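Student: Sequence:
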Amino acid sequence: MTKRPVYTTTKFIADILSFTENQEALSRQMEETSIDWDQVVVIGSKHLMLPALYCRLKAKKLIALIPEDLSVYLKEISHINRGRNEVLLTEAREISEIFKKENIDHVFIKGIALIAGHSFKDPAERMLTDIDVLVAENQLQNAFDLLTKYGYTETVTGIIERINHRHLPRQVSPQKFGAIELHSEILRHEHRHLIVNEQVLKNKRIVNGICIPSIEDAIKISILAFQINDKAQRYVYFAFKPIYDCLAINLTNKPVVIENLSGQKHSQSFLAIASVFFKEMTPIKSSNYSKLLRHYFTLSLRYPILRKVVYSITNILVNIYVRLNLLLYNKSYRRHLLKNKIGLKFIK
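Under UniProt numbering, the first residue of the sequence shown is numbered 1, with each subsequent residue one higher.
None of these hints come from the bench; they were simulated from the model.
Don't take each hint at face value.
[Said to hold, decoys possible] List of simulated lysine-lysine pairs, BS3-like, C-alpha gap at most 30 Å:
1) Lys-176 to Lys-11
2) Lys-241 to Lys-291
3) Lys-241 to Lys-60
4) Lys-101 to Lys-176
5) Lys-291 to Lys-46
6) Lys-61 to Lys-46
7) Lys-331 to Lys-308
8) Lys-241 to Lys-308
9) Lys-61 to Lys-279
10) Lys-331 to Lys-46
11) Lys-202 to Lys-11
12) Lys-60 to Lys-75
13) Lys-241 to Lys-58
14) Lys-58 to Lys-46
15) Lys-265 to Lys-254
16) Lys-46 to Lys-11
17) Lys-265 to Lys-100
18) Lys-308 to Lys-279
19) Lys-241 to Lys-231
20) Lys-291 to Lys-58
21) Lys-202 to Lys-60
22) Lys-46 to Lys-241
23) Lys-75 to Lys-100
24) Lys-121 to Lys-291
25) Lys-254 to Lys-61
26) Lys-202 to Lys-231
27) Lys-202 to Lys-46
28) Lys-231 to Lys-291
29) Lys-265 to Lys-231
30) Lys-308 to Lys-231
31) Lys-75 to Lys-11
32) Lys-46 to Lys-308
33) Lys-279 to Lys-60
34) Lys-241 to Lys-61
Remember, predicted model here, so these are calculated numbers, not experimental data.
Construct the complete structure from the given sequences, taking the supplied hints into account.
Tutor: This is the structure:
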């Protein structure tokens, strides 16, 4: 089979994930053209979207048109992920009860909140990593201590002590499935004003005993956490996961929310890039900056060497800037550098 351009396969995946009525067009494409299913699996796996692909193919009644062995594989992955998410949801309810008893002001965010809020028809659609919880800043340490008391005794930390880090070390229990991240802020410190944590806590909803963000806050969290925390804005890339989150929350039928998002640089850029494959996510207005990013993104998909060169140059410049800042302002980084890179083992 001739390998198809990445752009073509990415567009095909986007069409499967889309909630637009495109079953007939997809059916014709799958019957009349050669699909590089290996590439579909590679890209889908990279984006953590294989269960979602299976669920959307099933919803669009297109499962019969994919190779039988792939259908079995995707069905099994979806089954495993569904079971995993059900366990994580049970653990989230347990944590919620612990916090409620101690009057800890909290709200679950990101993937676990979307599943708890029934954003997906099938909980298998969303792959999760951690259970993320936003906690009122003045109760953060108390919440951490409570989880430690209830068995989350192991922590995962980096070698460098972060200044103004948005969450405490990840907490793990040997008896539990999911790791917990307690957040005092949702976004990186310098961008924290874009999502007011107190407002997210105030606007929260309670669904089946679990506190989750309002619809608009959930959308903003999905978009801005990706653009800022995951550095998508800096490196001009996209991921299916936050886009699919927004589609599942029904963003495309919320014109007021889209208008608000279109007025902010990061979310406007997200919508502009998403609209390359999902026309329904086109921002209401676009600045020259977001148009430039969209144009570059499209070119980088068609000419991967361009992306590699620009990414490498950007990464080098950013790393130099970050390392200099750490060296000048972060004591734990200097200590780590002296002990492990230079070899001064006596440094305490």
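Student: Compare the structure with each hint and give your call.
Tutor: Against the structure, the hints come out as follows:
1. Lys-176 to Lys-11: 38 Å, violated
2. Lys-241 to Lys-291: 22 Å, holds
3. Lys-241 to Lys-60: Between Lys-241 and Lys-60 the Cα gap is close to 19 Å, so the pair holds against 30 Å.
4. Lys-101 to Lys-176: 20 Å, holds
5. Lys-291 to Lys-46: Answer holds: Lys-291 to Lys-46 is near 26 Å, not above 30 Å.
6. Lys-61 to Lys-46: 24 Å, holds
7. Lys-331 to Lys-308: Given pair Lys-331, Lys-308 is violated - Cα atoms ~33 Å apart, limit 30 Å.
8. Lys-241 to Lys-308: Between Lys-241 and Lys-308 the Cα gap is close to 22 Å, so the pair holds against 30 Å.
9. Lys-61 to Lys-279: 23 Å, holds
10. Lys-331 to Lys-46: Status violated; Cα separation ~36 Å.
11. Lys-202 to Lys-11: Not OK: Lys-202 and Lys-11 at ~39 Å, beyond 30 Å, violated.
12. Lys-60 to Lys-75: Measuring from Cα to Cα gives roughly 15 Å; hence the hint holds.
13. Lys-241 to Lys-58: Distance ~19 Å between Lys-241 and Lys-58 Cα, so the pair holds.
14. Lys-58 to Lys-46: 21 Å, holds
15. Lys-265 to Lys-254: 19 Å, holds
16. Lys-46 to Lys-11: The hint holds at about 15 Å.
17. Lys-265 to Lys-100: At roughly 37 Å apart (the allowed maximum being 30 Å), Lys-100 and Lys-265 break the hint.
18. Lys-308 to Lys-279: Status holds; Cα separation ~26 Å.
19. Lys-241 to Lys-231: 15 Å, holds
20. Lys-291 to Lys-58: Given pair Lys-291, Lys-58 is violated - Cα atoms ~35 Å apart, limit 30 Å.
21. Lys-202 to Lys-60: 38 Å, violated
22. Lys-46 to Lys-241: 10 Å, holds
23. Lys-75 to Lys-100: Answer violated: Lys-75 to Lys-100 is near 37 Å, above 30 Å.
24. Lys-121 to Lys-291: 34 Å, violated
25. Lys-254 to Lys-61: Measuring from Cα to Cα gives roughly 27 Å; hence the hint holds.
26. Lys-202 to Lys-231: The hint holds at about 28 Å.
27. Lys-202 to Lys-46: At roughly 35 Å apart (the allowed maximum being 30 Å), Lys-46 and Lys-202 break the hint.
28. Lys-231 to Lys-291: At roughly 18 Å apart (the allowed maximum being 30 Å), Lys-291 and Lys-231 satisfy the hint.
29. Lys-265 to Lys-231: Holds, at roughly 14 Å.
30. Lys-308 to Lys-231: Holds. Lys-308 to Lys-231 sits at ~16 Å (cutoff 30 Å).
31. Lys-75 to Lys-11: The given pair, whose Cα atoms are some 22 Å apart, holds under the 30 Å limit.
32. Lys-46 to Lys-308: 17 Å, holds
33. Lys-279 to Lys-60: 19 Å, holds
34. Lys-241 to Lys-61: The given pair, whose Cα atoms are some 22 Å apart, holds under the 30 Å limit.
Of the numbered hints listed earlier, those contradicted by the structure are 1, 7, 10, 11, 17, 20, 21, 23, 24 and 27.
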